[in-house]
Every structure is written in structure tokens, then in C-alpha cells.
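K.L.:
Going down the list, the protein sequences come from chains A and B. In terms of our numbering, the first sequence opens at residue 1 and continues consecutively. In terms of our numbering, the second sequence opens at residue 1 and continues consecutively.
Honestly, the hints are just simulated from the structure, not real lab data. Check each hint, because a few of them may be wrong.
Note that identical chains are pooled: a pair holds if it fits in a single copy or bridges any two copies.
Claimed, not checked - Distance condition first, Cα-Cα at most 25 Å in a straight line; then the derived SDA-like pairs of lysine to any residue:
| # | residue 1 | residue 2 |
| --- | --- | --- |
| 1 | 96 | 128 |
| 2 | 101 | 9 |
| 3 | 128 | 106 |
| 4 | 61 | 128 |
| 5 | 96 | 83 |
| 6 | 7 | 50 |
| 7 | 104 | 130 |
| 8 | 96 | 9 |
| 9 | 96 | 109 |
The chain contents come next:
Number of protein chains: 2
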Amino acid sequence: MVNTLWKMGFAVMRAPASGAKIRKADYPDIVAIKEGKVAVFEVKARRTLGHIYLEAEQVKKLKTFAQRAGGIAYIAVKIPREGWKLIKATELTETKGGRLKLSKEEITRAPDLKGLLTDLGLTQDLEKYLSSKSKT
Amino acid sequence: MVNTLWKMGFAVMRAPASGAKIRKADYPDIVAIKEGKVAVFEVKARRTLGHIYLEAEQVKKLKTFAQRAGGIAYIAVKIPREGWKLIKATELTETKGGRLKLSKEEITRAPDLKGLLTDLGLTQDLEKYLSSKSKT
Numbered sequence: 001m002v003n004t005l006w007k008m009g010f011a012v013m014r015a016p017a018s019g020a021k022i023r024k025a026d027y028p029d030i031v032a033i034k035e036g037k038v039a040v041f042e043v044k045a046r047r048t049l050g051h052i053y054l055e056a057e058q059v060k061k062l063k064t065f066a067q068r069a070g071g072i073a074y075i076a077v078k079i080p081r082e083g084w085k086l087i088k089a090t091e092l093t094e095t096k097g098g099r100l101k102l103s104k105e106e107i108t109r110a111p112d113l114k115g116l117l118t119d120l121g122l123t124q125d126l127e128k129y130l131s132s133k134s135k136t
Numbered sequence: 001m002v003n004t005l006w007k008m009g010f011a012v013m014r015a016p017a018s019g020a021k022i023r024k025a026d027y028p029d030i031v032a033i034k035e036g037k038v039a040v041f042e043v044k045a046r047r048t049l050g051h052i053y054l055e056a057e058q059v060k061k062l063k064t065f066a067q068r069a070g071g072i073a074y075i076a077v078k079i080p081r082e083g084w085k086l087i088k089a090t091e092l093t094e095t096k097g098g099r100l101k102l103s104k105e106e107i108t109r110a111p112d113l114k115g116l117l118t119d120l121g122l123t124q125d126l127e128k129y130l131s132s133k134s135k136t
């Protein structure tokens with residue numbers, strides 16, 4: 001995902017390895033910036049497609065980071081065969097237990113990385129990106 | 001520095017620990033973002049004030065990252081008693097050997113972290129920051 005975002009023209013930074021305790025508390029997994037447009041990601045890779053549950057506290061920190069940056073917070077889910085799916089952190093459903101749920105259906109119909117450029121108002125770049133892809 | 005930037009209202013991300021080889025190649029030491037304004041930093045802490053030499057390749061990567069992000073690239077030098085000094089990567093002098101030099105004098109007269117808000121066009125925030133500091 002870091003490489004793809006870089007190819008799309010973003011400056012991309014990955015957080016310190018997930019072993020470090022401080023990281024989980026404070027940073028998104030990935031921050032991508034292009035022309036002052038910012039996207040921050042919590043990354044979830046899954047071998048099989050299923051519902052995903054997230055800690056409310058964790059998502060809150062992701063949203064705070066995005067808010068300060070003036071950007072958009074996403075949960076990026078990698079699913080088999082289809083690749084990355086992006087769900088905005090604001091669109092998560094809270095469960096009775098206080099966790100946040102991302103259903104299998106929501107994941108399936110979520111936009112892929114191209115949707116990111118639209119969300120960030122970088123649609124001119126989207127056209128460029130798509131035309132460069134079709135050439136290769 | 002991460003904490004200070006956070007207090008100034010930035011979303012701040014530190015790069016993976018410097019042990020990781022990939023980090024040195026690809027990422028700035030610190031990325032700070034506020035309301036879509038981006039600053040990226042190569043950090044140099046020094047016990048004593050002296051000239052600092054930087055690898056041209058390293059600085060080039062810092063500048064590339066900043067350019068993609070639509071932000072400003074800085075060398076942040078911590079010097080005894082005075083704290084952080086910020087020098088824009090574009091202001092470095094190239095030496096005959098191809099490295100980049102930051103003289104003791106340049107470091108001494110460089111602005112501190114408050115200068116950052118001015119550079120990024122966040123001067124309204126600067127006033128707020130200063131008035132909150134004078135109250136504490």
C-alpha cells in the first residue's frame with residue numbers, strides 16, 4: 001500500500017513497527033500527503049473476508065490525528081483477490097459493547113484506493129493516474 | 001520536539017527507529033501537519049554547537065518528500081541551552097565535496113519552532129500559541 005500510494009504521487013510515511021507500544025497509542029499506520037491533502041490509515045490485512053471490530057479508543061485517536069492534520073481518516077482493509085478497500089472512520093457503526101464494527105458487506109462495497117483521490121479533491125490526478133495505468 | 005509540535009496543534013508522526021535501513025532512505029525523521037500545512041524534518045541533535053554536514057542524497061530525499069506533500073523541508077538542529085533551530089533545506093550551502101554544510105553561524109541565527117507557524121502561514125495560531133504560553 002505504501003508503494004501504491006507513492007506511485008499515485010503521495011508523500012507516504014509508515015509508522016514505527018507495531019511492536020513499539022507508543023506507536024499503537026499515538027500514530028496512524030500510514031500517513032499519505034499530496035499537495036496539502038492528507039489521508040491517514042489504520043491498516044487491517046485479512047486472509048479471509050469477515051466482519052472487523054475495532055477498539056473505539058484506537059479509532060478516536062485516528063480521527064483526532066486526521067482532524068489536526070486537516071485530513072481524512074480511513075480504515076484500510078486488504079481482502080483476498082480484491083486488494084485494498086477504504087472505509088472512512090466516520091462511517092463505522094458502534095456496537096453495544098462499545099467497539100466499532102465494519103461488516104463484511106460494508107467492506108465489500110467500499111471504494112478502492114482510487115476513491116481516495118476523489119475524496120481528497122484530487123480528481124485531476126485520478127485521471128492522470130488511470131491513464132498512466134492503462135498505458136502499462 | 002514531537003511533543004512540542006503536538007502542543008502547537010500539529011498532527012505529528014515520527015519515523016520508524018533509525019536502526020531500520022529503509023527508514024533512512026525513505027522517510028523524514030518527523031512529519032508535522034496542521035490544517036493541510038505540512039513540515040518535514042531531518043533531526044540533528046548536537047551536544048556542542050558546530051558546523052553540520054549532511055549527505056546531499058539524504059537532503060534530496062527530504063526535499064522530494066516535502067515537494068510531494070506540498071510542504072516545507074527543514075533541518076531541525078537541537079543545540080545546548082537554546083533548543084531547536086530550524087533551517088530550510090533549500091537554504092543549505094553545497095560544499096566542494098558534494099555534501100551540504102550548515103555553518104555554526106547559520107544555526108545560531110536560525111528561527112526556533114515559532115518560526116514554523118509563520119513559514120506555514122499559520123500566524124493566527126502563532127498568536128494563540130504565544131498567548132497560551134505566557135499564561136502558563
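K.L.:
Are the hints correct? Go through all of them and say.
P.N.:
So, going through the hints one by one against the coordinates:
1. 96 x 128: neither (44 Å within a copy, 40 Å between copies)
2. 101 x 9: neither (31 Å within a copy, 30 Å between copies)
3. 128 x 106: neither (28 Å within a copy, 42 Å between copies)
4. 61 x 128: Result: close only across copies, 24 Å inter versus 33 Å intra.
5. 96 x 83: neither (30 Å within a copy, 48 Å between copies)
6. 7 x 50: Neither: 29 Å inside a copy, 39 Å across copies.
7. 104 x 130: neither (27 Å within a copy, 48 Å between copies)
8. 96 x 9: This pair counts as neither: shortest intra-copy Cα distance 40 Å, inter-copy 33 Å.
9. 96 x 109: within (24 Å within a copy, 57 Å between copies)
The structure shown violates the earlier hints numbered 1, 2, 3, 5, 6, 7, 8.
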